[in-house]
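J.: Chain by chain, the residues:
Number of protein chains: 2
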Amino acid sequence: MTEREGARALVHPEPGAIRLENVLDALSDPVRLSIVRDLARSDAELACSHFALPVTKSTSTHHFRVLRESGVVRQAYQGTTKLNALRRAELEELFPGLLDSVLTAAAAEAARLLAAPETA
Amino acid sequence: MTEREGARALVHPEPGAIRLENVLDALSDPVRLSIVRDLARSDAELACSHFALPVTKSTSTHHFRVLRESGVVRQAYQGTTKLNALRRAELEELFPGLLDSVLTAAAAEAARLLAAPETA
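So the sequences go chain by chain: A and B.
Note that this note's numbering gives residue 79 to position 79 of the first sequence, counting from 1, and the numbers run on in steps of one.
Note that this note's numbering gives residue 107 to position 107 of the second sequence, counting from 1, and the numbers run on in steps of one.
Simulated from the structure, these hints should not be mistaken for laboratory data.
All residues carry an ideal CB built from backbone N, CA and C; glycine is no exception.
A portion of the hints provided could be inaccurate.
[Unchecked claim] Calculated Cβ distances over 10 Å to all of chain A for the following chain B residues: (1) 44; (2) 48; (3) 59.
[Said to hold, decoys possible] Short, incomplete list of chain B residues facing chain A, as computed with Cβ under 10 Å: (4) 9; (5) 10; (6) 11; (7) 18; (8) 19; (9) 21; (10) 23; (11) 24; (12) 28; (13) 29; (14) 30; (15) 108.
Could you build the full structure based on these sequences and the hints that come with them?
T.: Following this line, the structure appears as structure tokens:
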């Protein structure tokens, strides 16, 4: 494998290697949770650059890597762009209902904080 | 407040101050998840010393504090013993279905790893 290919290899855990604690850890960060919510709302794969994140590019790259290495998202190159998709079906098979309940909870919390920001 | 009282004060977030990311972070550690699973199976409050945890006492204290400060468990002193209870109803009201789906996922993962430990 050339160095160029190595740098572009994107490692993903097989479904059997996905661990609940890693998935929960990946979802426990507000920036990563916002990425997951956007992906859940989108039918298409989304480029990293699609997301308007309040962090530096290197921090953003870190967050996407945590999501990929935990098994939450699948990343693939299209040219020089990394496209992201939720591994929804695989997560649902491993942990039925978990992703939906986290997405519902995130939406409820966002609505709650918007309604009463002074108690946030 | 005397120093003694201060040392024994156990701070808990009000329901409105419980944050999803903190709850997910609290649940993203295998030791803390095992504590939560034991509490979910128990009808009674459980002393910290009830749990056979593979960590030192100070690490154990840290884990219980993370669970308490995130809003996952409520702790109360009974004499010199700290008793722990899941804040199940409050979490259910804030994040319907979340705790149950995490508990189901944790049970599924434990069964999966027991059945095929070589792929763990």
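J.: Could you work out which earlier hints the structure fails to respect and list their numbers in ascending sequence?
T.: Structure breaks hints 4, 5 and 6.
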